[in-house]
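Q: Okay, here's what each chain looks like letter by letter:
Number of protein chains: 2
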Amino acid sequence: MKKLFGIILLLMPLMATAQEKMEIASPNENVMLKFWLSDKGRPMYSLDYKGKAVVNPSGLGLELAKDKHASNGTDEYDLLEGFTMTDCETTSFDETWTPVWGETSTIRNHYNEMAVTLSQEKLIRSGSGQQKPGVQERHIIIRFRVYDDGMGLRYEFPQQTWLNYFLIKEERTEFAMTGDHIAWWLPGDYDTQEQETQQTRLSEIRGRMREAVNWGNSSVAVFSETGVQTSLQMKSDDGLYINIHEAACLDYATMHLELVDRQTTAFSTQLGGGSNAYTPNPAPSACPLPKPFTFVSHLTPDATGLKGCMQTPCNTPWRTVMVSDDARDMLSSNLILNLNEPCALDDTSWIHPTKYCGVWWEMIVGKSSWNYTDEFPSIKLDNIDWQSVKPNGRHAANNEKVKRYIDFAAKNGLDEVLVEGWNVGWEDWANMWKRDVFDFVTPYPDFDIKMLNDYAHSKGVKILMHHETSSSTQNYERHIKEAFELMNHYGYDAVKTGYVGDIIPRGDHHYSQSMNNHYLYVVKEAAKHHIMVNAHEATRPTGICRTYPNLVGNESARGTEYEAFGGSRPDHTCILPFTRLQGGPMDYTPGIFVTKLNTWSDNTSWARITIAGSLALYLTMYSPLQMAADLPENYEQFDDAFQFIRDVACDWSDSRYLEAEPADYITVARKAKGTDNWFIGGKCDENGHTSVVKLDFLDKGRKYECTIYADAKDAHYEHNPQAYTITKRTVKKGDTLKITEAPGGGFAVSLIAK
Amino acid sequence: MKKLFGIILLLMPLMATAQEKMEIASPNENVMLKFWLSDKGRPMYSLDYKGKAVVNPSGLGLELAKDKHASNGTDEYDLLEGFTMTDCETTSFDETWTPVWGETSTIRNHYNEMAVTLSQEKLIRSGSGQQKPGVQERHIIIRFRVYDDGMGLRYEFPQQTWLNYFLIKEERTEFAMTGDHIAWWLPGDYDTQEQETQQTRLSEIRGRMREAVNWGNSSVAVFSETGVQTSLQMKSDDGLYINIHEAACLDYATMHLELVDRQTTAFSTQLGGGSNAYTPNPAPSACPLPKPFTFVSHLTPDATGLKGCMQTPCNTPWRTVMVSDDARDMLSSNLILNLNEPCALDDTSWIHPTKYCGVWWEMIVGKSSWNYTDEFPSIKLDNIDWQSVKPNGRHAANNEKVKRYIDFAAKNGLDEVLVEGWNVGWEDWANMWKRDVFDFVTPYPDFDIKMLNDYAHSKGVKILMHHETSSSTQNYERHIKEAFELMNHYGYDAVKTGYVGDIIPRGDHHYSQSMNNHYLYVVKEAAKHHIMVNAHEATRPTGICRTYPNLVGNESARGTEYEAFGGSRPDHTCILPFTRLQGGPMDYTPGIFVTKLNTWSDNTSWARITIAGSLALYLTMYSPLQMAADLPENYEQFDDAFQFIRDVACDWSDSRYLEAEPADYITVARKAKGTDNWFIGGKCDENGHTSVVKLDFLDKGRKYECTIYADAKDAHYEHNPQAYTITKRTVKKGDTLKITEAPGGGFAVSLIAK
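Residue numbers (my numbering), protein chains in the order written: chain Y, 2 to 755; chain G, 2 to 755.
If you are wondering where the hints come from, they were derived from the structure by calculation, not from laboratory data. Hints are not guaranteed to be accurate.
[Said to hold, decoys possible] With a straight-line Cα cutoff of 25 Å, these simulated PhoX-like cross-link-like pairs (lysine-lysine) come out:
hint: 1; chain 1: G; residue 1: LYS729; chain 2: Y; residue 2: LYS482
hint: 2; chain 1: Y; residue 1: LYS292; chain 2: Y; residue 2: LYS22
hint: 3; chain 1: Y; residue 1: LYS529; chain 2: G; residue 2: LYS381
hint: 4; chain 1: Y; residue 1: LYS381; chain 2: G; residue 2: LYS482
hint: 5; chain 1: Y; residue 1: LYS368; chain 2: Y; residue 2: LYS404
hint: 6; chain 1: G; residue 1: LYS404; chain 2: Y; residue 2: LYS525
hint: 7; chain 1: Y; residue 1: LYS482; chain 2: G; residue 2: LYS529
hint: 8; chain 1: Y; residue 1: LYS381; chain 2: G; residue 2: LYS525
[Unchecked claim] Only some residues are given here: those of chain G computed to face chain Y with a beta carbon under 10 Å:
hint: 9; residue: TYR78
hint: 10; residue: THR162
hint: 11; residue: GLN312
hint: 12; residue: ASN316
hint: 13; residue: VAL366
hint: 14; residue: LYS482
Beta carbons: idealized from backbone N, C-alpha and C, even for Gly.
Input sequences plus hints: build the corresponding full structure.
A: Written out as C-alpha cells, the structure reads:
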C-alpha cells in the first residue's frame, strides 16, 4: 500500500466555450482523449489510440427522474445539455502499490487526469419548497483518467444547494464505435450473467439475441434486442482490441450497454420486475439517438423502474475503455484495479489465497442432495424437528463424507473444504418467494459442526462456510451477524455466498443499486469478522477487491457447474479472462478430470475439456481462490496429474502473458509469490494450438526442474479427454518449450528453481 | 393466560351439496351466521343479528397471481369458485384469559365455531415441473367464529401438494351491507391513516373522496374512489352499529375495503409504488361485481403490485364484523383481541403501563428542532465531525432541557421521558430516498446519553428511546441489534419507532405484507431485549398486542400532532374509539392545556378541545401508554387540573362504557388495577353533552372521595377552552353525577376509595 510516487499537479484553470476541444494524452501518448461541449452544451468525448479512432464523438450525461418530492433541492432537470465549462484541471499521477494478493507483487498506477467542471443554469419561474424563482446554478465534474492502455471517466456531483438529492432515470454515457467490430457478448440482463458468450459482429447482435438467451434459466430478465453486458471485449478490423467495462461500482446500479444499430429507432424501456422478455416496441426516450454502432449505458432498475437515488457529494463508477493492438495487454492491464480506491482495511493479515476442495460437485451433478429430507412438500424452519424427520439418504454434507474430504484436503495440501448443504432449509429454497428460507446457523442433524471443525483444524485444514441466501437478502441481513459470529466461534475464515433465484424484496434485481449496496454491506460486515467472501450470482465485479481485499472471489459468470447442465463451449475459458475477469477473480471451480459424468452418475452432460486443459485453468483463470472441483475418488485415478494441482500456487509476484487471442488461446507464466518457482499454463479452444514458450523470464544462471503436463498426441476434449503426458527435464533461461495443445485442451508447466 | 374453560368439541362431519346452508349461532343466539356454496361453487355467507340482516349474501375467496415459476406446486388457479364442501366441523369455546395490561383484568373468549373444508379439482391437460396431467385436488378451510357481538372468518390453507406456494392477486372477501348506512371512514390508502374521518352515507363516499384526501400529505397513496380503511364503523337506519375490521394481521397485507356502489362498473386496480392519485378508469377484474353497498377486500400491494406470497400451511387474518344495537358494545367488545393468539412471550414481567412526558411538542409546534445543525444542504453520517459542526441553537434534545423534563416527570410521578431528536441524522431525514439516514446509536454532542440516563434513574425515571426510521426499513434492520443493545446498556426499556415518509426499499408501502412482517420483526426483536414498542406510522393494529404485549402502543391514525398542523375536528376523539382503537391502543399523546399555540410559539394552529376535555381523553382513549404531551411550563399554569393527570391510572381491572354514540360522545368508568379507585371520563363533540353518571359500579357500603374536573359553564373549545371547575365531594354506590360538557369539551372524575 506504500506510495512510491506522489501526485504531480498541473493546474490549468480555464473558461472554455462550446466546441473548444480539451485534449489529454496518456503518459506514453499512445492514448489520446478529447473533450468538448456540443452546440447544445452537451458534454462530448472521443478517444484515439496511436492515432486511430477508438471511440468516435460520444455524448455524456444523465437523465434525471422527477420525484414526487421535487421540492427541497430534489430536481428533475436532466444533466445532459445546456452546460458551460467553468474549469478544467489536469494532473499527472504515478504510484506503485502493493496488492494483498494478485497477479503481481506490485501494481503501477500511472495516468494523466483531466477534471472538467461543467455548469448548468436553470430558470425557475415559480418556486416551491426551497425553490424560489430565479436562476439556479448546478455544477458537475467529469473526470477523465488516461492510461497507456485505456481510459476511465466518471461523473462527480459536488454537494450544492441545487443538486442535493436526485433520482437517475437513465445514465446516457455513449461509446461510439468506429466500425462493425467483432464482439464477445452476453445478453444484457438484470438478473443473470450465466449465459454462453456470443461472438458476432456488432451488426449481428440483434439477429442473434433470441437464441443467445437461455430462456430456461429462471432468472432471465433481458431488456433489449441489442442490450449486452460488460465487460465487453471487441476487436476491430484494423486490429485493435477494445474493452468496455466499469470500475468501482459501489452503491450504484450495474451498467449494461445498449447498442444503437441501423435498425434502432428508439431506446428500449426497462421491463420492470419479474418479466423475462424484452419489449419489442420500446418507448421513445427524451435523449437523442446517436449514430449506429454506438453503445449507450443502460443501468439496472429498481422495483419501480428507477436507476438510482443519489445524494451529493457523490459520483458514478468509472466507465472504462481499454485499448491495445496487442491482445495480451487486455489481460495484463490493471486499469480497473487502479481506478478503485486503495485498501480500506487497516489489517489484512487474515486474508490469504486459498486452494480448496468441497462437498459440491456431486450435488451439482445430481448424485447427492443439498437437502436432508424429502418428507414434506415444503418446510418452515420454525416448524420442523430435524432430529425426527426422515432422512432422504442422499444428503451429501454428512459427517462421514465431510471427514473424507477433510482427509483428502489434508493429504494434498489443500487449505479448505467447502461444504454446501450443511444448514437446514434446502428442502425448498429457490424461487418460492420464501423470505425466511435459511437461518445460516442451524446444521442438519448429520453435520456435527463442532466435531467437524475440530477435526479439520487438527489436520491443518479449515471448513469453508456456505451461505446460500436464495436471494432473500432481507433474511440474510437479519441473520448475518449471528451467522458471522457462528463462523468466528467455530474457526471458519471464509464464506461462499449465493444469490440463486429471484430477489426478495420482490421486484428488485441482482444488479440494482440496492443489491450492489447489499453485496458491499456483506463484504464490509465480513471484514469486521475477519471473514473472506466469495460471492456467487452477485453482480459482476468492478475491481472493488482492491479496496476490500477480503472479497477474494466472485462467480458472476458461467462457471464449471454448467458442464453438468449441458456443457459450455471449449472456447469459453479463452474468453472469460478478456471479459469477466477484468473486474476481479472468478471462482470458476476448475479441475474436472472425469469429464464424462455418466461414468459415475446419471448425468449425461460432459465437460468440454481435456485433463491437461483443466490443469491450465489454474494459471489462465487467475484467482487467489482455486478449487479442485472434482471428487477425491476421481482425482485418485489420476494422481500423477493431480500433482500439478498440489504444486501450483495461487498468489503471484509476477505474471507474463505470453500468447493471447480472444476465444482462441491464452498462455501465461506466473512466478509464485515468495519463491523463485514459475508455473505456466496454456489453454486453447476447440481448434487446438501449438504454443512456443520462450523461457526468457527465468533467472539467469539458474536451473529449474521443469514438469510438463501436456495433452497426449491423440487427446481431444470429446473423444479422448484423459490422454495426457507428463515429462520432466531441466531448463534454464532462454530455453524454449514447444507444446501442442489438443482441441479443447491445454498444458501446464511447473518450473521449480534448483 | 390461564384457561378457565376448555374446548367443547362437537364434530359434525358431512358432505354438503351446493345451496345447502350451514348455520351457526352465537352463544346467546343473537348473532347467526350462514354459509353455503353458490351454484358455481363459490363460498358464500350471511350474518344476522337478532333476526335482522347485517351482512347480505356475500362471496368469499381469493384470486391468485400467475408466477413465472408456476411449476413445483406454485399455482395460479383462483381460490374463488368450483368448490365442493367436504367437511364441516362445529365447536364451542369458552375461556377466560388474563391480559398483561388492558381495560379489564380478565377477558372472556366465548364463541361457537364452524370450520368448513372446501375442495376444488383442477384438470391438468399438459404438465410441467411437478405438475403431471391428471386431476389435482386442493383444499382450503374457511373458519368462522361467532360471538355474541359479531363474528370473525378466515381462510386456512393446509399444507398439500397442489397448494404449496401461491401468490395472491387479490382477496375477494365481500361484506354486502343491507342499506345505505352512515359510515365513519378514512380514504383507503397504502401509506397513510392520518386523514380526518369522514361521516357520510355509503352512497356519498364516492362524491366525498377527493375532498377527504389531504393531498398535501406526502404519503398519500389512495387507490379507488370508493376505497376506505378499516376499522370501518357504520350505523344502519334500523339502529344497528356495525364495524368491519380484521384481527391478527401477521405477515399478510393490510386489508382495505372497496365499496361497490351504484356507479361502480369494475374493481379498481392498484396504482403501484409512489403514485398518489387513484386510477380514474380502473381495469376490469376477473371477479364478478357484487351488488351495490357491498364492500370488497382490497389488500395493500408490494412494489410489483402483488398482494401476498404464501406458503402452506398458512392462513389469512380474521375478517371481522362486529354488530350490536347498543353503541357501547362496540367499545367494550374484545372480539379483535380474542381472535388473536395467546401471549407468545414466556416472561412479561418487564412490561408495564407507562405515563410519560417528552421533548416533543415544542418541535411539533415548530419552536425548536430535532436537528442539531443547519450548516449543510444535506449530510452523510460517515462524513460529519459532530463535535465541530455549528449548532443551530434550536436543538431541543439538549442536556439542560432533558434534565428539566426529567425533573418534571420525577416531581409529577410520570414514569418516563420521551426524547426525540437525540441521535444524529435529523438534518435531512424524510422523503429523500436516503437509505443510511440514522444509525440509532450516535447522540448529538449536546445529548450526554450516559449522564442523562444516570440522572433519570437517580430520580426514578426512565428515558423513553426514539427510533425514527424515516421508513428506511433496511437501514433500521441493519442497525436494530446494536440499537437495542445500546438501550439495554443505558437502561431504556421502551422505544417509540417512527415510519415517516416513503418506504425504502422503493415501491413498497406502509401496509404491505413485507412491512407488516417488518413491524412484527421489530416487536419480536425488542421482546428479546425486554423492550416495549410504540410504533408510529406503522400499520393499524389488529389486536396482536395480545400475542406480543410488549407492543404497548401504535399511532396509526391522526394524533394530537395534527392540532399543530391545522387542527382536528372536535368530534375526532369521539370517533377514534369506535374505529382505530378496535385493534389496540393508540399513542394519541393527549393533554394539551394551552390550546392556542401562538401564545407560546409562532404556530397559528389551535387544539379543538377544552382542558376538561383533554383530561377526559386519559379515560376515553384507552391506552397503557399515556403521554402528558404539553410543555411542563404550560402544565405549571394549571397545576390543579394537572393533578388529574398525576392521579389517573393507565391500567385497569374493570371498565364500564356508560354512554356512547359515534362522533357524539363517550363516557367510560374504569377501575384502577390493584386498587379500589375508579376514574371516569366523558368526551363530547362540538355540540356539547350532558352526562348522567349513575355510580352503581362502586363497592357497596364504601365511600369515595370524588373529584370532578368539568368544563366551566361558559367553556368552549374555541372561545374559552381553559375554563374548568374542580369540585370535590364524597360519594357512594348508587349516587348520580350530572355533568355538563361544553362544546368540544368533556369531564374527568377521580373516585378514591376511603
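Q: Does each hint fit the structure? Answer for all of them.
A: Structure-based check of all given hints:
This hinted pair does not check out: LYS729 (chain G) and LYS482 (chain Y) have alpha carbons roughly 60 Å apart, beyond 25 Å. The hinted pair formed by LYS292 (chain Y) and LYS22 (chain Y) meets the criterion: a straight-line CA distance of about 21 Å does not exceed 25 Å. Restraint check: the Cα-Cα separation between LYS529 (chain Y) and LYS381 (chain G) comes to about 21 Å, which is no more than 25 Å; the hinted pair holds. For the hint linking LYS381 (chain Y) to LYS482 (chain G), the alpha-carbon distance of about 24 Å falls within 25 Å, and the restraint holds.
At most 25 Å may separate the alpha-carbon atoms for a hinted pair to count; LYS368 (chain Y) and LYS404 (chain Y) meet this at roughly 19 Å. Between LYS404 (chain G) and LYS525 (chain Y), the direct Cα distance comes to roughly 39 Å. Violation of the 25 Å bound is thereby established for this hinted pair. Of the supplied pair hints, the one linking LYS482 (chain Y) and LYS529 (chain G) holds, its CA atoms being roughly 16 Å apart against a limit of 25 Å. At roughly 18 Å between alpha-carbon atoms, LYS381 (chain Y) and LYS525 (chain G) fall within 25 Å of each other, so this suggested pair holds.
Interface hint at TYR78 (chain G): violated, since its Cβ lies 17 Å from the closest Cβ of chain Y, which is beyond the 10 Å cut-off. With 10 Å as the threshold, the beta carbon of THR162 (chain G) comes within range of chain Y, its nearest partner Cβ sitting at about 5 Å, so the hint holds. Against a cut-off of 10 Å between C-beta atoms, the interface hint on GLN312 (chain G) holds, since the closest Cβ of chain Y lies about 6 Å away. Look at ASN316 (chain G): its Cβ only gets to about 13 Å from chain Y, farther than 10 Å, so that hint breaks.
The interface hint given for VAL366 (chain G) is broken, as the beta carbon of that residue sits about 21 Å from the closest beta carbon of chain Y, more than 10 Å. At its closest, the beta carbon of LYS482 (chain G) sits 6 Å from a beta carbon of chain Y; the interface hint therefore holds under the 10 Å criterion.
Taken one by one, the earlier hints fail for this structure at numbers 1, 6, 9, 12, 13, listed in ascending order.
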